[in-house]
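Protein chains in written order, with my numbering: chain A, 496 to 824; chain B, 496 to 824; chain C, 1289 to 1596; chain D, 1289 to 1596.
Possibly wrong hints are sitting among the right ones.
To give an idea of the interface, some chain A residues facing chain C are shown, with a C-beta separation under 7 Å as derived from the structure [what the hints assert, rightly or not]:
#1 Ala503
#2 Val505
#3 Asn800
#4 Val802
Here are the computed lysine to any residue pairs in the SDA-like style, where the Cα-Cα straight-line distance is at most 20 Å [unchecked claim]:
#5 D:Lys1443 <-> C:Thr1524
#6 D:Lys1443 <-> A:Pro553
#7 A:Lys542 <-> C:Thr1524
#8 B:Lys506 <-> B:Asp554
Honestly, the hints are just simulated from the structure, not real lab data. From a predicted model like this one, the values you see are computed outputs, not experimental measurements. Glycine is no exception: its CB is placed at the ideal position from the N, C-alpha and C atoms.
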Amino acid sequence: MLTESVSATVKLFFREAIARAVSESMRRDDRIILLGQDAGRFGGAYKEFSGLYGEFGPDRVRDTPVAEAAMVGLGVGAAAAGLRPLVSITYMDFLMLGLDPLVNYAAKARFKTGGQITTPIVVKTTAGARGQGVAHSQCIEAWMMAVPGLKVVAPSTPADACGLLKSALTDSGPVLFVDHKRLFSTAGEVPLAESFVPIGEALVRRTGTHVTITAHSYMTRIALTAAEHLAEEGVSCEIIDLRSLAPMDVETIAQSAGRTGALLTLEEGQLTCGIGAEIAFRIRELVGPIRMARVGALRAPVSSNPVLEAACVPSADRVIGAIRRLLNN
Amino acid sequence: MLTESVSATVKLFFREAIARAVSESMRRDDRIILLGQDAGRFGGAYKEFSGLYGEFGPDRVRDTPVAEAAMVGLGVGAAAAGLRPLVSITYMDFLMLGLDPLVNYAAKARFKTGGQITTPIVVKTTAGARGQGVAHSQCIEAWMMAVPGLKVVAPSTPADACGLLKSALTDSGPVLFVDHKRLFSTAGEVPLAESFVPIGEALVRRTGTHVTITAHSYMTRIALTAAEHLAEEGVSCEIIDLRSLAPMDVETIAQSAGRTGALLTLEEGQLTCGIGAEIAFRIRELVGPIRMARVGALRAPVSSNPVLEAACVPSADRVIGAIRRLLNN
Amino acid sequence: MDRLALLRRMMLIRSFESALAKRRDHGFQLLSSGAEGVAVGLCDALRNEDQLLCSGRSIAPSLARGLDPGAVMAELLGRIAGPNRGKAGRGHMAQPAAGFFGAHAVVGGNLAIAAGVALALQQRRSTAISVCVFGDGACGSGALHETLNIAALWKLPLLLVCDNNQIAIATPREQALAAARLSDLAAPFGIAAVTVDGTDVISVRDSATGLIANIRAGQGPGFLECISERFFSHSTATRETRSAAEMEVVWSRCPILRLTGQLRAEGVLASGAMEELQHDTDRQVLHAIAFAEASPFPNSAEALSHVD
Amino acid sequence: MDRLALLRRMMLIRSFESALAKRRDHGFQLLSSGAEGVAVGLCDALRNEDQLLCSGRSIAPSLARGLDPGAVMAELLGRIAGPNRGKAGRGHMAQPAAGFFGAHAVVGGNLAIAAGVALALQQRRSTAISVCVFGDGACGSGALHETLNIAALWKLPLLLVCDNNQIAIATPREQALAAARLSDLAAPFGIAAVTVDGTDVISVRDSATGLIANIRAGQGPGFLECISERFFSHSTATRETRSAAEMEVVWSRCPILRLTGQLRAEGVLASGAMEELQHDTDRQVLHAIAFAEASPFPNSAEALSHVD
Ligand SMILES: Cc1ncc(C[n+]2csc(CCOP(=O)(O)OP(=O)(O)O)c2C)c(N)n1
Ligand SMILES: Cc1ncc(C[n+]2csc(CCOP(=O)(O)OP(=O)(O)O)c2C)c(N)n1
Ligand SMILES: [Mg+2]
Ligand SMILES: [Mg+2]
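Produce the complete structure using the sequences and hints provided.
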């Protein structure tokens, strides 16, 4: 009976998992407030905040003007002064407008004040391509991983979205929570009981023996699709869903890559100074010179044009091709 | 006689080399204008624009308000409409405030308009630590290298500062020109005759046989200091001054690293998803699994405190230690 | 343009958008219906050499500026015959050679760009001006402040036109902006600023003309706020949040009906003329669609072209 | 505080900065001399539970807020006895427990942070307010616009204080800002705004008190512009660009001499009293220096502490 209730789950869309995480967190902790463009009655660009305005009212769920710099700045200041704001920046491209308060203040506040000020803020933003073009498609997770003092998480499933967001909302922060346009309408099982996913732990999504694939967010699904096809050819892929990009669970990757002897890193953003380059360096330090390859976007902006978007960002086919080449070397 | 006059040089401070590059370029091309905080009569934070206001007047050398977003935005718009603006953002930390126009507009303009609009803008900014603390010391070159459509150069000598800035001011752009607080007062020989340094070519600053060191900007000087000390121990370092970070001259690095069989990458910024990770990946693809190590800042903000700043950013001693470890492996 | 031509241009935009909205092969679109008077009135006050910039809501501005409807349709449908070779779509459509410097989908993002275009014109001693159309939502962004200040200081030949349709996605303008009138935001900088009814194409044209005369005379930037309407939801993929009662008021303020009514009352519009106009514009739109459909999608190799 | 106490506080700041400026072991400092009246007048209008934020020019604000001069000196000299353990220096000094939420060296960067502090206070139904001091230079940044707008919309308990010393590094305020008065920038948002002479500590105190009463009453933010002076160059490492004649005018507007003159004229300040005050404050500063010098630099291991 006990084990049954522990493992009981409910099927939720990714967007519902986010709303649930926020709702449960806000009930538990009245310091949590939500700031976002159309985050209130409208319920967010992807309905990911649906129901929150009704439950918590306009004081705790606040629509903001289109002013990303101030949105992040206000959230950071409020965090420094004792609240736990969740600030929603609709698209990751616009996070650029709010980098000053996030990077120059929040990520450095604890350090520069010798521990007097912490900034338990969560900035949630949506990355990735889905028909919206050059300024609404970018993935700049790699930049954010390079900011000391900032944590970055990027779930691929509703359960992780819920569990990681809840952890982020109890973290000493700052935390950047990155989701993806193509994930909101995906569904998955989420534990019925309130549950947290710790920041900093990767998860092996699929076990395999020939090659280790690392991915996060929507690219985890691309990796899984590729792995299914490759399985038909007798290629066995182990897929590691990074989940947390900073801090990164390098040990889990190293264990896997050490076993399979081949590593493919997959990311939707640019390869240059990207997540794959970082993982490759660290795995090489830990595991030695194994076969490695990386897959990411072409070095080009992402067009809203469906043909060009598809050509630019990684597809399962490209992953399959890269793995074949990697294993034939 | 001919060779003599060709190789004739003059000794200039780095800051003078910048002023000279701008002055020569502005004389040649009246589309070039300079926008910056106190770039006019004051001559720039490091006197690097000294004399320009006097020579070209307030229409072409414009002081701006403290408004980095608009400064870059105006420059980008003016570039798109036919000028060749040089926009000075005093510190690279504040470039974050201008990333939206630079990354979301300028770097994508040519692509998104199918070639109708180009943005021949040069954004000049100063990176690096010298006693100014957490929000005036950052090096985010790696972020900018990952922007398709954007070029990034970062000279280490007066001659390269002059030659690269002049090339940037004739480039179809956008170009980010990164200098360093600790370079302005360094001196070096600059060709007397007007000369350009092409974007995209690294330079071997010191030849050696045991290990290849890559660096750019001020870190090139740190590498040279380290190499001198190591020479006394019989360790021979080859130093490659990257000069251009995007596009990067990977061939020159590969040739050297293939010969020495060991690579140390040096950067002042963060290691995570950094320049070293990128170089290591590409060299490994081209040269195979040689010994590699990277040196960069500690994963921490850079304090204005002299003790803590020195502890955070790479020193010659740290480079020496890293090379000893690399070569003893 | 005479008033009939203005009417025809507005009807073309409306008809174009109706046809486009029926299609399902373009992701989504941001329609200008309800705000045709702003774009058409404004563009009538411009000269060929002027440059127009706008937000991602680009259909009315581009068509009002005189871009070929077929080319615009091709761009919106991702076809290579679009001015941007189908690479940009609604968010970044541009044709600088035709005086349409282009759309930019970052809210507020085109403000400083437009000021930069104005700076280039000023520097070259041109008599042309730069004009930027943006929404009420963009008025919350710091970009407006920085741009107003520098444009005023440097007396840039820049006209800022706020197409205030009183809502940003689902956020009513009063809830997002503390200013009583959005043109008040220009006042501290000493910038000439006017608020007009954006559903009155003639007022828009005349106010723009007045402000532009000062700008061309070197007196620095102007600010024109046009109170317009958004007849549909934010985009063809967004849910509407306004009540039926609210929408009744919104729809009652139609720039096309307004001008039609005036022209009818003055006897300028003969009884069958409307039907004829409608027929004409609908046919123009059919041609535009046919043109666009005849054009292929770009080849996937274009994903790497024009990057550097 | 009575006026003698205000005078003493201003003199302490002046004396502190004179002693500091003589040293060469701190890189450089941003002095507040000439603007003591702004910080001291303002802080006299605050309650303990209020929070003060400021720009990188932090000496007058921190001392006026009552931080221990020894601790402030230690921070400025990079010693571990500073409130930030010597990690922050001038640019980021903070002691929130003492109502000094802190400096931030990004121009305009503390505006939205201060609004966030105000939001936290409002949310917790506190009667405390958040106060941000920033320069005229910061008024060119979009951060001001965004902050004013949101603060007005949400009626945040926020007082924005522009310490307008009429120059930013070397750029005269008229050349950087198109507004006639900087307090005009608050007007469009319906924010109560006042401009006072910042060299008159009493005016500053009284105007701040008036604005703060409204803020505490829930009427939303206030804006106070104080016209002050910068007696020295931008920093102790920056060259002065103003002419000798200009500096004569600048120095003639000394907040300390101004109050001294008033008190003398009213007979409140006895003849030897000034010398005694000066002696007192100088001694306080000597103690502060001794305290700071007794404190070591942080150990290099601190470079990695308090990061996450
Ligand atoms: C910087 C930025 N933030 C958010 C968005 C998402 N967004 C797209 S349109 C829009 C509303 C804009 O409203 P308004 O300026 O009034 O223009 P309208 O849509 O009414 O024409 C928003 C918030 C964006 N594109 N850019
Ligand atoms: C965003 C940003 N841009 C530029 C700078 C460099 N800078 C430091 S102080 C300063 C002048 C600020 O002038 P003002 O706001 O009037 O303050 P004051 O120095 O007169 O007290 C500038 C431009 C900075 N610190 N931050
Ligand atoms: Mg609107
Ligand atoms: Mg000032």
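Return the numbers of the hints above that this structure violates; sort them in rising order. The structure conflicts with hints 1, 2, 5 and 8, although it agrees with all the remaining ones.
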